[in-house]
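Participant: Sequence:
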Amino acid sequence: MQSLEEILQQATSTIQSAADLKSLDQCRVHYLGKKGQLTEYLKTLGQLPPEERPAAGQKINAAKEAIQTLIEARDAELKKTLIEKQLAAEAVDVTLPGRSVNFGSIHPITQTFADMRKIFSQMGFIFMEGPEIEDDYHNFAALNVPPLHPARAMQDTFYFSDGLLLRAHTSTVQIRAMKKIAPPLRVVAMGRVYRRDFDMTHTPMFHQMECLVIDEGITFANLKALLLQFLREFFAAEVSIRLRPSYFPFTEPSAEVDISCLNCSGKGCRICKNTGWLEVLGCGMVHPNVLREVGIDSERYRGFAFGVGLDRLTLLKYGLSDLRSLFENDLRFLRQF
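Heads up: the sequence shown begins at 132 in this note's numbering, then just goes up one per residue.
Because the hints were derived from the structure by calculation, they are not lab data. Every residue gets a Cβ at the ideal spot worked out from N, C-alpha and C, and that includes glycine. Check each hint, because a few of them may be wrong.
Stated by the list, open to error - Pairs of lysine-lysine residues, derived as DSS-like cross-links and limited to a Cα-Cα distance of at most 25 Å, are as follows: (1) K216 - K153; (2) K355 - K210; (3) K190 - K166; (4) K190 - K174; (5) K249 - K216; (6) K249 - K404; (7) K190 - K153; (8) K190 - K249; (9) K165 - K211; (10) K195 - K166; (11) K210 - K153.
Said to hold, decoys possible - Computed beta-carbon distance windows for the label pairs: (12) E430 - G399: 41 to 47 Å; (13) N405 - D453: 32 to 38 Å; (14) Q178 - S144: 25 to 31 Å; (15) L227 - N192: 55 to 61 Å; (16) E459 - E260: 24 to 30 Å.
Whole structure, please, built from the sequences with the hints as guidance.
Facilitator: In structure tokens, the structure reads:
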């Protein structure tokens, strides 16, 4: 049985020096497999005298158990080492500063829409929408725009071949509102409008808000009071307003509204061209012809309306200089908000 002892010593050395689980499994196959050394050694028992076979078998089984025990112990060591390496590789240093999370932001135009809804909802106004593809009646005729008025010219309005057009203002919603709701009414319409213009302060598509009030006993003083309250809430500042006589086909009398410069508080600067004032919107009392067109008694009811470019208000509120930057989706610009 001397060779059996040699096999056991060799197995002990080989198993303990196994560097990984694969090498250890090769050791198991080499010594304990179907064609392993101890299996082959068992086959020699038949060559021994009968009286020696039990003792020899016991020694071979003891050697197999010893090798199996060595393999299991080494297997546990290797698995423990492997787990420790994985834990070390995946370790997190909890003392390091946390990763910053980048949050998105609301687009300035979207924020302006939200501000408008909040301001006018508190005043008791309802909000209505209308189609962006309009007909001549709602865009011009019902609003007392004469057939030869310059606003109908091709250089100002986007026309389709079938006579339809892209609405040039949200005043079209006024007509739909007055035909749908009997006075008194307070309506605000916001949305996209289209005109043939493109420069630092104009784009072919822009956003506009229209405000309409129809009731008994409405005067120009009500319009001025509403404008002052609205502009002060939107800009969160004690701005002053100035009304200048103007002309719009659908209002009479009509006025352009200026506010005291937000940059210099009316003292005069580059932004207001040293006048102390900034033009922001147009307004006026609803023309009797418009009231009659929608079936409202112009002798009993009066009203006022004003329209404002929401993009221009956004420029003024955030101190921007180029209207086009609001539509270019440059992340460097948008991250400022």
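Participant: Hint by hint, where does the structure go against what was stated? Just the numbers, ascending.
Facilitator: Hints 2, 5, 6, 7, 8, 9, 13 are the ones this structure does not satisfy, whereas the remaining hints hold.
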